[in-house]
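Number of protein chains: 2
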Amino acid sequence: MGAVIYDRVALIGLGLIAGSMGLRMRADGLAGEVVGHARTARTREVALQRGLVDRVCDTAAEAVEGADLVVLCVPVGAMDAVAREIAPHLASGATVSDVGSVKRDVITAVGPHLPDGVHFVPAHPIAGTEHSGPESGFPELFEGRWCLLTPLSDGPEVERLARLWNALGSHVDVMEPDHHDLVLAVTSHAPHLIAYTMVGVADDLRRVTDSEVIKYSAAGFRDFTRIAASDPVMWRDVFLNNKDATLEILGRFTEELFALQRAIRTGDGKMLEDYFTRTRAIRRGILDAGQDVDVPDFGRAVLRKGTAG
Amino acid sequence: MGAVIYDRVALIGLGLIAGSMGLRMRADGLAGEVVGHARTARTREVALQRGLVDRVCDTAAEAVEGADLVVLCVPVGAMDAVAREIAPHLASGATVSDVGSVKRDVITAVGPHLPDGVHFVPAHPIAGTEHSGPESGFPELFEGRWCLLTPLSDGPEVERLARLWNALGSHVDVMEPDHHDLVLAVTSHAPHLIAYTMVGVADDLRRVTDSEVIKYSAAGFRDFTRIAASDPVMWRDVFLNNKDATLEILGRFTEELFALQRAIRTGDGKMLEDYFTRTRAIRRGILDAGQDVDVPDFGRAVLRKGTAG
Ligand SMILES: NC(=O)c1ccc[n+]([C@@H]2O[C@H](COP(=O)([O-])OP(=O)(O)OC[C@H]3O[C@@H](n4cnc5c(N)ncnc54)[C@H](OP(=O)(O)O)[C@@H]3O)[C@@H](O)[C@H]2O)c1
Ligand SMILES: NC(=O)c1ccc[n+]([C@@H]2O[C@H](COP(=O)([O-])OP(=O)(O)OC[C@H]3O[C@@H](n4cnc5c(N)ncnc54)[C@H](OP(=O)(O)O)[C@@H]3O)[C@@H](O)[C@H]2O)c1
Numbered sequence: 005m006g007a008v009i010y011d012r013v014a015l016i017g018l019g020l021i022a023g024s025m026g027l028r029m030r031a032d033g034l035a036g037e038v039v040g041h042a043r044t045a046r047t048r049e050v051a052l053q054r055g056l057v058d059r060v061c062d063t064a065a066e067a068v069e070g071a072d073l074v075v076l077c078v079p080v081g082a083m084d085a086v087a088r089e090i091a092p093h094l095a096s097g098a099t100v101s102d103v104g105s106v107k108r109d110v111i112t113a114v115g116p117h118l119p120d121g122v123h124f125v126p127a128h129p130i131a132g133t134e135h136s137g138p139e140s141g142f143p144e145l146f147e148g149r150w151c152l153l154t155p156l157s158d159g160p161e162v163e164r165l166a167r168l169w170n171a172l173g174s175h176v177d178v179m180e181p182d183h184h185d186l187v188l189a190v191t192s193h194a195p196h197l198i199a200y201t202m203v204g205v206a207d208d209l210r211r212v213t214d215s216e217v218i219k220y221s222a223a224g225f226r227d228f229t230r231i232a233a234s235d236p237v238m239w240r241d242v243f244l245n246n247k248d249a250t251l252e253i254l255g256r257f258t259e260e261l262f263a264l265q266r267a268i269r270t271g272d273g274k275m276l277e278d279y280f281t282r283t284r285a286i287r288r289g290i291l292d293a294g295q296d297v298d299v300p301d302f303g304r305a306v307l308r309k310g311t312a313g
Numbered sequence: 005m006g007a008v009i010y011d012r013v014a015l016i017g018l019g020l021i022a023g024s025m026g027l028r029m030r031a032d033g034l035a036g037e038v039v040g041h042a043r044t045a046r047t048r049e050v051a052l053q054r055g056l057v058d059r060v061c062d063t064a065a066e067a068v069e070g071a072d073l074v075v076l077c078v079p080v081g082a083m084d085a086v087a088r089e090i091a092p093h094l095a096s097g098a099t100v101s102d103v104g105s106v107k108r109d110v111i112t113a114v115g116p117h118l119p120d121g122v123h124f125v126p127a128h129p130i131a132g133t134e135h136s137g138p139e140s141g142f143p144e145l146f147e148g149r150w151c152l153l154t155p156l157s158d159g160p161e162v163e164r165l166a167r168l169w170n171a172l173g174s175h176v177d178v179m180e181p182d183h184h185d186l187v188l189a190v191t192s193h194a195p196h197l198i199a200y201t202m203v204g205v206a207d208d209l210r211r212v213t214d215s216e217v218i219k220y221s222a223a224g225f226r227d228f229t230r231i232a233a234s235d236p237v238m239w240r241d242v243f244l245n246n247k248d249a250t251l252e253i254l255g256r257f258t259e260e261l262f263a264l265q266r267a268i269r270t271g272d273g274k275m276l277e278d279y280f281t282r283t284r285a286i287r288r289g290i291l292d293a294g295q296d297v298d299v300p301d302f303g304r305a306v307l308r309k310g311t312a313g
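If you read the protein sequences in the order shown, they are chains U and X.
Each residue of the first sequence is one higher than the last, beginning at 5 in my numbering.
Each residue of the second sequence is one higher than the last, beginning at 5 in my numbering.
Some hints could be false.
All copies of an identical chain are treated as equivalent in the list; a pair is satisfied when it fits inside any one copy or across any two copies.
[Claimed, not checked] Taking lysine-lysine and the DSS-like style, the derived pairs with C-alpha atoms no more than 25 angstroms apart in a straight line are:
| id | residue 1 | residue 2 |
| --- | --- | --- |
| 1 | Lys247 | Lys274 |
| 2 | Lys219 | Lys274 |
| 3 | Lys247 | Lys219 |
If you're looking for bench data, these hints aren't it; they were derived computationally from the structure.
Computed from a prediction, not measured in an experiment: that's the story for all the values here.
Just chain U, same shape as in the assembly (with noise of 0.2 angstroms):
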């Protein structure tokens, strides 16, 4: 049990991140209350029957009165709507936070809505899984990740906000908006397109291959059509809100890539190893890093064992 970081939480949207953020905050004791609101009576009520929040509301207006933590849990694209709906009932003296996976679209989205007295603190949980809804939450998904926070000025609400992250087991950072895109843009938002991309390629060609494409799954597409199984509507949203960063990071990846083809083409090997070599170093960095363990094929084979038989 750590000690209470906020007297009350409004979580807006009950999905992956927020479930996770409710069910951690419930058990821990974090908040005095912890209040929900989702679009659809159905996720209203999975949230509630897991226990993600103490009590849901029908609307975002209601969910936000007397809340000191306000965290706007929607995809991207409905941070302006949710924002201008909620502004009028914001106690004064509230934060207002967010876990959008893009950070200067959202600043410019929710900001201008917000009055006078309310705090601004973006934030962005770089943890997830392909999974969504209001059944994928689970309370340790933040536990030795990092969140970034893009506050647009210091002052105390910053640092109580980095406490609650700390408190659902998470490293805190504080980062420049744009510098935040850029990174992400890198190491989530260009992997994502690429591996929604060959996965669209496989399924053109199962006209060509039947199922087999999905049969002999190997590991390197095995591993894409999971990042390719995240929710449509929230890439939809990062793709659209994050776009020059995006776009700048794929227009990198074809150079390189046609200069592999080129290799492949002409049978340069050389090129090839030496390439391969290099990347290959990289990996070594993120578990050196702890972002990622490192067993044989991640364990599936222990974890199948134990829970798919």
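Given chain U, put chain X with the ligands in place with the hints provided.
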């Protein structure tokens, strides 16, 4: 304990695949004796220490003497030289197989060297990890995965090899070599090149973003780095020996990627959402086919607790 399927198996190359075969064959008594050869003395020593084989030989020629099954477990580009070396030493009636990730070029490289009275049954176990070398094998590697045979003719030697792969834990299918190479270009070879490329782009950008690309490594990229940590020599050989199919698939990939980039640039949210919805369905297919497990974040949270503290 299964019944002995071959009296003496010779494994040429003692890395991930051969090591996993040897451990399983010895554990389950599938071979009277397992003999091995690898290029370097160090690999041969580790192989003996880990019990991958019963006995090692200093040359491939020695290792194949008296063997009724010889399996070539070296990189695809090394198959030609190995076949040339062993050919005069093969026992009459022996079966020669391989585990190369490419089939047409291996058949072209190996087939012509083999004497009459020796049966060539090419094979490819669709199972692997990003690890390589004699330390990396484990007996469950092939469990529940497919092994594709691309035999040049029917016969009891094909049945017998299929029995061995079944005993190693695999499902077995027979396929045309060219078709194999196309399917694998989609499910494995193109995805690997794409992952290598994306990690290479990120590596270039590290000068811009310092170690942030590693530190904040998110789901998409983290998976790419694992794929791009695979053995450089093995993959160089795969691309050089499955050139046409790989380039064909990469061509289609680039076309699709450009279409998605255009949708991002023009803000065509409907196109993006529809595309991502379509690719999501493929994941379902793979889970249904039993070729992956579906636990949050691949059970990394569980594994981290269990293995890495
Ligand atoms: N998933 C990840 O890997 C990840 C990681 C870090 C950050 N994020 C960010 O976190 C946010 C939420 O993602 P998530 O994965 O938790 O999503 P999710 O599981 O799909 O949940 C989204 C929630 O938002 C609600 N919602 C959707 N559209 C709405 C709208 N137009 N107005 C009001 N509510 C709406 C949904 O309500 P209904 O269920 O009632 O429709 C649902 O409760 C996104 O901004 C995303 O970029 C995601
Ligand atoms: N890894 C996978 O995911 C996977 C999956 C299915 C099929 N395959 C195929 O299986 C084969 C072996 O892959 P692997 O992952 O087991 O590789 P690995 O772990 O790197 O082992 C390769 C072995 O081949 C030996 N070798 C390398 N070059 C040689 C040469 N020029 N002449 C003689 N021996 C040589 C090495 O000996 P030293 O250690 O002494 O150098 C080593 O014992 C490849 O054809 C690959 O395409 C791999």
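Copy assignment of Lys219 with Lys274, given that the CA separation must stay at most 25 angstroms: This pair counts as neither: shortest intra-copy Cα distance 33 angstroms, inter-copy 30 angstroms.
Homomeric proximity label, Lys247 with Lys219: Cα distance no greater than 25 angstroms: Classified as between: cross-chain Cα gap 23 angstroms, same-chain 35 angstroms, threshold 25 angstroms.
Up to 25 angstroms CA-CA - Lys274 versus Lys247, copy category: between (35 angstroms within a copy, 15 angstroms between copies)
Violated hints amount to a single one, hint 2; each of the other numbered hints is respected by the structure.
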